[in-house]
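Visitor: Sequence:
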Amino acid sequence: MKKLSSLFLALFLTMALALPVWAQTDSSQKSGEVKVELTKEQQEELSKLHDEILQKKFEMIDKHVEFGVISKEKGEKIKEKLRQKAEKMKKDGMMKMPYKSKCKCDDDGDQD
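Residue numbering for the sequence shown follows the numbering used here, starting at 41 and increasing by one per position.
The reader is advised that the hints may include incorrect statements.
[To be verified] Keeping only pairs whose Cα atoms sit at most 30 Å apart, straight-line, the calculated DSS-like set for lysine-lysine is:
hint, residue 1, residue 2
1, 112, 97
2, 43, 88
3, 103, 130
4, 96, 128
5, 119, 97
6, 88, 75
7, 80, 103
8, 88, 131
9, 117, 88
10, 96, 131
11, 80, 121
12, 80, 131
13, 96, 125
14, 88, 103
15, 114, 97
16, 112, 125
17, 119, 103
[Stated by the list, open to error] Label-pair restraints from in silico Cβ distances:
hint, residue 1, residue 2, range
18, 110, 81, 36 to 44 Å
19, 112, 85, 44 to 52 Å
20, 88, 120, 16 to 24 Å
Since the hints were derived computationally from the structure, they do not count as laboratory data.
Only a predicted model underlies this, so the values are computations on that prediction, with no experimental measurement involved.
From the three backbone atoms N, C-alpha and C, an ideal C-beta is built for every residue, glycine too.
All chains, please: the whole structure from these sequences, using the hints.
Guide: Rendered as structure tokens:
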């Protein structure tokens, strides 16, 4: 019985010491964020692409309004939110991703 208690105590202490290190390592890997500074050229290129995407989204919203899927008021609210997000991205230097990736890929593109 004493050996079993000692074994559980040793296991508990090992886990207590290893868990914080494991949690810290895991959270830093999950973020996957790399600190990159975009050049003015790169920001302009991304801005142009985002503007094109934004215009297409506006067209889709207008079609949804036209077909009666959503009300005109709701369509305008959606467009205003999209405009606000686009302005914030430009202000932040085009560094915020306008979408969240659901792919759990590593840097090589291989899925886990």
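Visitor: Could you run down the list of hints and mark each one as holding or not?
Guide: Hint by hint, here is what the structure shows:
no., hint, result
1, 112 to 97, "holds (15 Å)"
2, 43 to 88, "violated (69 Å)"
3, 103 to 130, "holds (27 Å)"
4, 96 to 128, "holds (19 Å)"
5, 119 to 97, "holds (8 Å)"
6, 88 to 75, "holds (22 Å)"
7, 80 to 103, "violated (35 Å)"
8, 88 to 131, "holds (14 Å)"
9, 117 to 88, "holds (23 Å)"
10, 96 to 131, "holds (21 Å)"
11, 80 to 121, "holds (26 Å)"
12, 80 to 131, "holds (13 Å)"
13, 96 to 125, "holds (15 Å)"
14, 88 to 103, "holds (23 Å)"
15, 114 to 97, "holds (14 Å)"
16, 112 to 125, "holds (20 Å)"
17, 119 to 103, "holds (13 Å)"
18, 110 to 81: 36 to 44 Å, "holds (38 Å)"
19, 112 to 85: 44 to 52 Å, "violated (34 Å)"
20, 88 to 120: 16 to 24 Å, "holds (22 Å)"
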